[in-house]
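Residues per chain are reported as follows:
Number of protein chains: 2
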Amino acid sequence: MALPLRRRLPVLPLLLLAAGGLRAAERSSSSAMEELATEKEAEESHRQDSVSLLTFILLLTLTILTIWLFKHRRVRFLHETGLAMIYGLIVGVILRYGTPSTSGRDKPISCSQEDRLFTTLLVNVSGKFFEYTLKGEISPGKIHNVEQNDMLRKVTFDPEVFFNILLPPIIFHAGYSLKKRHFFRNLGSILAYAFLGTAVSCFIIGNLMYGVVKLMKLVGQLSDKFYYTDCLLFGAIISATDPVTVLAIFNELHADVDLYALLFGESVLNDAVAIVLSSSIVAYQPTGENTHAFDAAAFFKSVGVFLGIFSGSFMMGAVTGVVTALVTKFTKLHCFPLLETALFFLMSWSTFLLAEACGFTGVVAVLFCGITQAHYTYNNLSVESRSRTKQLFEVLHFLAENFIFSYMGLALFTFQKHIFSPVFIIGAFIAIFLGRAAHIYPLSFLLNLGRRHKISWNFQHMMMFSGLRGAMAFALAIRDTATYSHQMMFSTTLLIVFFTVWIVGGGTTPMLSWLNIRVGVDPDQDPPPTNDSFQVLQGDGPDSERRNRTQQESAWLFRLWYSFDHNYLKPILTHSGPPLTTTLPSWCGLIARCLTSPQVYDNQEQLREEDSDFILNDGDLTVTYGDTTITANGSSGPHTATTSLDGKRTKSSSEEALERDLGAADHEVTSRGTRLVFPLEDNA
Amino acid sequence: MALPLRRRLPVLPLLLLAAGGLRAAERSSSSAMEELATEKEAEESHRQDSVSLLTFILLLTLTILTIWLFKHRRVRFLHETGLAMIYGLIVGVILRYGTPSTSGRDKPISCSQEDRLFTTLLVNVSGKFFEYTLKGEISPGKIHNVEQNDMLRKVTFDPEVFFNILLPPIIFHAGYSLKKRHFFRNLGSILAYAFLGTAVSCFIIGNLMYGVVKLMKLVGQLSDKFYYTDCLLFGAIISATDPVTVLAIFNELHADVDLYALLFGESVLNDAVAIVLSSSIVAYQPTGENTHAFDAAAFFKSVGVFLGIFSGSFMMGAVTGVVTALVTKFTKLHCFPLLETALFFLMSWSTFLLAEACGFTGVVAVLFCGITQAHYTYNNLSVESRSRTKQLFEVLHFLAENFIFSYMGLALFTFQKHIFSPVFIIGAFIAIFLGRAAHIYPLSFLLNLGRRHKISWNFQHMMMFSGLRGAMAFALAIRDTATYSHQMMFSTTLLIVFFTVWIVGGGTTPMLSWLNIRVGVDPDQDPPPTNDSFQVLQGDGPDSERRNRTQQESAWLFRLWYSFDHNYLKPILTHSGPPLTTTLPSWCGLIARCLTSPQVYDNQEQLREEDSDFILNDGDLTVTYGDTTITANGSSGPHTATTSLDGKRTKSSSEEALERDLGAADHEVTSRGTRLVFPLEDNA
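If you're matching them up, the sequences are chains A and B in order. Here the first sequence is numbered in UniProt numbering, starting from 1 and rising by one per residue. Here the second sequence is numbered in UniProt numbering, starting from 1 and rising by one per residue.
Treat the hints as calculated values from the structure; they're not laboratory data. Treat the hints with care, as some may be off.
All copies of an identical chain are treated as equivalent in the list; a pair is satisfied when it fits inside any one copy or across any two copies.
Said to hold, decoys possible - In silico BS3-like cross-links for lysine-lysine, where the CA-CA straight-line distance does not exceed 25 angstroms:
{"id": "1", "residue 1": "LYS301", "residue 2": "LYS332"}
{"id": "2", "residue 1": "LYS417", "residue 2": "LYS217"}
{"id": "3", "residue 1": "LYS417", "residue 2": "LYS225"}
{"id": "4", "residue 1": "LYS40", "residue 2": "LYS214"}
{"id": "5", "residue 1": "LYS214", "residue 2": "LYS225"}
{"id": "6", "residue 1": "LYS332", "residue 2": "LYS71"}
{"id": "7", "residue 1": "LYS214", "residue 2": "LYS417"}
{"id": "8", "residue 1": "LYS301", "residue 2": "LYS40"}
{"id": "9", "residue 1": "LYS332", "residue 2": "LYS390"}
On a predicted model such as this, the values are computed, not experimentally measured, just so you know.
Model the full assembly from the supplied sequences, consistent with the hints where possible.
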C-alpha cells in the first residue's frame, strides 16, 4: 500500500520482473474517481503478481520439505526435481481449472498507424497521455491468444528468464564444481561424447523426426508447416542430456567415479554444444526462394557460426576467469573474504554479460568461466571465500534447478498453446532412444580402441540408460513457441522430460545393481580394472605396444598443454605450482621473480591439504619437458615417500616421471603395477 | 547471437530486467530485408543492455578493488559507499558528455483513440501486428523528456527496483545481523529515537521546508506548485538516517558498543518508520475541493494507515519468522544444510511477497522477519547453515548497498529532470540539521530521566553528528519524480546524501577522538560508567529509589514479554530454552513433552559456545515469575561459578535472580556493584 501512486507498473523482485504478465490492468474515463479506480486495479494487479510468485515459493518450500522426508527415509525412487515437477503439475491443474477466467478485460484494440514503427507510443485518452512500449511483433494467429486467463498469464514467464536468469547459475555451478581429477582423466572421451555424440544424436533425431513428419503429412495429422530445419532444431534441443537424478544417486551411493565423470562431463559440455548447435540451426537461412531446403553455403555458414560462437564463448569465459585469477593473486584481497566473494561473483557474472555484449552465448561462456575459476582462481581464494563461493553457487543452483522443474510441471497445464500429436510423440521417443544408442555404442567402441582403461559394456548400458532430458532441453524448447512446429516440439519435449526424469530417474538404483556397477567407491581411489579392460591389457602383447605409441602420440598435444599449464599458467595465475624462476628460461629472471607469488615457496603443504580434490593432479608433477628437467613442488610431499618405496622404477624419462607423480595421487596404482595411470590417458 | 529471432525483447538478468530502458528499437517497412534490419537493431539494443549492466559491474569491481586498497592501507576518511558514489559520478559524467546523443530515433508518436484505456495495444503497421504494453500515464510536461539519450536511458532503472530488489536484502541483513544483546539492552531508547524521533524530525523538517517554500514563492524562485504535503513527504524521506560509514568505522575501531547499538538500532528501525510514514503522507488525501490543506479526518486516516501498515508488516515478518522456526525445529532438515539454507532463503523472501500481497510494506516485514529469524530460527539451524545464511545475506547486502551508492553517483549526471534550487538546498541542509537536533537532544534528555545508564553528552553529540542519509532516503526520493516538487526533492536528497556520506563519513574518526569516545572495546564487555551517568547514579540518594520504582514499572511490560519469550516461545520455537515440561502448568504435560525438543536437555553447552552473541541474554536466565520459581538452563554453566563468588547477594527475589543471571553475561558488573544490568533496563 506504500505510495500507491507509483504502483502502476509494479516491479516484483527477480523473476517476476520478466514475467510476460507484468501489465497493470487499467482503464479510465475521466477525472479523479477513475484515477482511484485505476489505482485500485493497479494495486490488485500488483497483488496478483505477488501471489503468483508466492505460489512458486510455496512450491519450492513444499518440494524442499518433501525431499527432506525422502532423504531422511532414504527413498531413492523419486528425485527432488521429479518431485518439483509433480507439485508443479498439481498447482498447474488447480490454476487451470480452479481459478475463474478473467479474460476479455484486457482485450487489445487495434490502432492503425502510418508506415513507421516506434518503440514508444503515446496514446491520448480523453486528454490524458499514456505511454506504451513495444513488446514485439505478434503473428496474426496469436492475436486471440492474448485473451487469456489472468492468473495463467501471471504465472507464465518470459522464456528469456530461463536463459538469462536460471540457467547461468546452474551452468556456472556445474563448471565450478567439476571434480577435476576424474574429469581430466576422461577428458578425451568426454569431449568425444559431448561434441561428436551430440552432433550425431542431433542429426539422427532430426532425420528420424523428418521421417515422422513426412508420415504425419501422409496420414493427414499435420495441420501446418514443419520444415526440415525444425526437425534438426528439435534434434539439437532434445540432445541436451541432463542426468541430474542419476548423478544424485551416483553421488549418494558413491558409484563408480569414472562413470560419474563420463556422465557428468558429457552432460555439462553437451548442454553447451546443444545451445550453440540450436543457434547455428536457427542461423541456417538459405538465401533465395527455397528457404528451407539444403544449401551448402548456408550449411557452411552455420558450421562457421557454430565454431565461431563456441570458441568465442569459450574464450570469453576463459579470459574473465584468468583476469579474476590475476586480480585475486596480485591483490591481498583474501584478507577480506567478503570483498573477495563479491569480486568473484561480479567477475563471473560479467562473463555472461560480456559474452552477450559481444554476440556470443553467455551460458556457454559462464560454463568455461566456472571451469577456469575452479582451476585457477580457487587456489588464490581465502579459505572462507572458497566455502562461501561454493555455497553461494550451490544455493543458487539448487533454487534455480528446482524452480525450472516445478515450472515445467506447471507449464503442462498453464501453457495455453500445447499441441500434443501422438504420432510425433511416439516418434520422438523412438528417435531419442535410437539417437542415444547411435551416439553411445559406436563412439564407445571407437574410444575403446584408444583407451587403456576401457569403457566396459555395463558402463555403456548405464550411459545409454542415463540419457535423461532436463532443464536445458526445456529452456531451449520454450525459447521460441511462436509457430505450430515449435509448439508441437515444446509439448513433446515437456513429455520427454517428464518421462525420463520420473521413469529413468526412478529406475537408476535397480539399473545400477542389475548392471553390476559397483557402489560405495572412495572417490580418491581408482576403480579396479574391469574384466574387459583387464583382459585386453594383458591379452594382446604386440598390439598393446603399438597402441601405446598411438596413444602417446595422441596424448602429445595434451601433455604439452598440461605441462604448459602446470609450469607457466598455474604459477602466473595462482599461488601454487612451481616457482616461475625455475620454469622460465634464465633470461626471464626478473619477470619470473615478479610474477611468482612468494607464497609458492611456503604454502604448498597447506594447499595440498585443503583442496586436494582440486589440485591433486596439479600440485605434484615432475615433467621432463624439452631439455630441462623440472622438479616440482609436490615431489617432496608425503605422497612421494609412499610411492618411492615400490620397486617399479624401471622406465625412463618423462613417462616415468609422470607415472611416479600421478601414482602419488593414486595409491592403488603402483601396487597393481600393470596399469599406467595418466590423468588424460584416454584422450582418443 | 544465439537464437537471434527471439532477441526482440531481451531480458537481462536481475536488475536490468526492470530498467526503464528495456525497449528494443525497432522499425520496419516491409518484407524480409526489414526483418533482418529489425533483428540487427534488436541485437544492438540487447548489446547496449549488456554494456550498461557491465558498466555497473565494472563500477562495483573498481570499488571493491579500491576499498581493498584503502582497507589495506587503513585509510578511513573514505568509506566504500562514498567511493562507489565517486566512481558513479565519474562514469555518469562520461556517459552524459562522452556518448553521442541518439535521441529522435525512438521519437514517440501520438495516436488518438476512443474513450477506453487498455493494457495491450495492437498496432497494425503495413499488415504486421505489433504488441505494445501500457507503461503508465505520462504528464504532458514530460512528453519531451521521452526523447532522451539512448545510453542514459539504458542506465536508468525503474525506481521500483530499489524498493523491490535492492532494499530487501539490505534491510533483512540489518535485522538478521542485529547484535541482539546490546540492541535489547537499549531497546527502549532505540524505539523512542526511531518512532518519536523520526516523527519529530519529519514534522520539523516538513514545516521548516514549508517556510522555505513560502520564501521561495515570495522571491519568485518557485515555478510550479509545492504543497504542504510535499514538504511533509520530504521530511519523511529525509528522516531516514543511514549511518553506514559511521558504523563501519565503529566496527573497525571497536567503538563503544552501546553507542553502536543506539545508532544502528535507530537507523534500522527509522528506515521502517520513514517508509511507512511517507506512505501515510501520500495516503493523506483530504476529500473535497481543498485537497492540499489540513483535514482532521484525512489526518486521522493517515495515522490509522501508518499504524495499520506498520503493525501489519510487523506481524507478517514475525509470523513467517515463527513459521520458519517451527519448520526448522520439527524437521531434521539440519542434516541437509543446503535444503535448510534454501528453505530459509525462500521463507524470508516469501515474507516480502506475502506483505506486498496483503497490501503491507514488504521492506518493513522483511526487517522484522530478519529479527525473528535471528532470534528463533537461527538457533535451530545447523552450524553450516548458520554461516551459510549469514554469508549469503552479507554478500547480497554488500552488493546491493554498493550498487545503490554507485547508482546515486551516476544519477547526478544521468537523471535528466534535476531541479537544483539553491534556496531549497540550503534550507534543506539547515532543516535537517535542526530536525536532527530537535530529535536527539530533547529525546535524550527525556530518556535520561528514565535510563540508569545515561546517554552522555558526547554520545548525544556523536548521534547528532551521525545523522547521515543514504540508500533509504534515495530510494524513497526516486520513487516518485513525476512532479516539479518531487524532482526538486530528489535532487536535494541526492546532494544531502553526497554531502553527509563524504563529509560526515570522513569526519567520523576525528570526531570520535574529539568527543573522547573510547575505542577498542571488547563487544562482550560493558562500558565503564561514563562520568555523567556515574555521578548521577551515585549523587542522588532519595531520588534514585523513586526512579528505580518508576523504572521497574515501565519495565514491567517488557519483563513480562521477556520471561514469556524465554519460558514459552523459545522452547516452543527452538531447540534452546528451558524444557516446556518445567515451564508449562502440569496439566499441559503431554503437549509440553511433544513440543519440547529432546535436544533441549543436552545441547545447552554447545549452543552457548557457538553463538554466544545471539543467546547470551537468553540462555541463562532465572526468573521468579508469578508464583513459580523457574531455574533455567544456563544457571549451572561456568559463568555462574564466577559470579557466585562475589559477596553481593543481598537483594531478594526476582530482581536478585535477574541480576545474577545477567551479571553472568556481563562479568564487569558484579565487580562494580553499583549498577544493575538488565537487558532492557532503559525502555523508557
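Among all the numbered hints in the text so far, which are the ones the structure does not match?
1 and 4
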